[in-house]
Amino acid sequence: MGQVMFIVWRESVEALLVVGILHAWLANPEHGAKRGLPYLWGGVVLGIAAAVALGAALVGFTEVLSGDAQDYFQTAMVLVACVLIVQMVFWMKRHGRTLKRDMESSLRRNQDQGTWWGVLVLVALAIAREGSETTIFLYGIGFGQQGSVPPSMWLAVLIGFALALATFWLLQLGGKIFSWRLFFRVTEIMLLFLAAGLLESGLDRLISLDLVPTLVDQLWDTSALLDDASPFGSLVATLTGYRAHPAGMNLVVYGAYWLFIWALLKRADGPAKQVKPA
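First residue of the sequence shown: 23, per our numbering; consecutive thereafter.
Do not rely on the hints blindly, as some may be mistaken.
In silico DSSO-like pairs for lysine-lysine, Cα to Cα no more than 27 Å straight-line [as the list claims (entries may be wrong)]:
#1 K288 - K122
#2 K56 - K122
#3 K115 - K288
Please keep in mind that the hints were generated in silico from the structure rather than gathered at the bench.
Turn these sequences into a full structure, and let the hints steer you where they fit.
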């Protein structure tokens, strides 16, 4: 439940950021662009509809599959969710600083051309992207994999979205203590750990399907300190990739993942350092 709230919260804040930037510009009387507001909300509706359609398709496809085919598909979706989270983190690192400027430039072009259909498409694609990522992430951690969703999970979704609204409101107030920069920095770290947890979950599935060897069945047992089968331990395992009694392959893949992330971070920070004044 905790991981569902976190995913919905983080992705909803990002979607609200996009809508907030566009709405603030369109609603500003100085820009004379209020005619674009209906297109903004139309794009929001289309984007949400696309994400809902993807979720329905995933659940429906799962019900069609059976036996090993269903296990393979669900394992693949866990790994896809892991890749998408990493991709999303580094996309925001690359484009986050210029996101507002780029969107406002797009709005000015639409205003100059006298048409607002571009706004509808821009918003629909942005919301569909965030919504589709959320759908795949939730499915990857088990949301709807059994063909139905328990009420507690829907409650977690609602709480996550409510927290996103509150977070967006606080961030809009500004301030040095709670800023957009700090928000993205902290949640980037949390998302990278969540991706590590998904990778380990996918690996566990591959091992159980005899597609990947364990190398060593059990390296150690720390269940006395924190049992990953307990409610809290299970949450930690999902959010970080922790294993109380990991196989050798778990350790190898976990280490390789963080080496890969470190290399990507070095590469992403390189261009930023080069443009700094001497």
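Comparing the hints with the structure gives:
Our distance criterion of 27 Å between C-alpha atoms is met by K288 and K122, whose separation comes to about 25 Å. With a CA separation close to 18 Å, the supplied pair K56 and K122 stays within the 27 Å bound. A hinted pair counts as satisfied when its Cα atoms are at most 27 Å apart, and K115 with K288 qualifies at roughly 12 Å.
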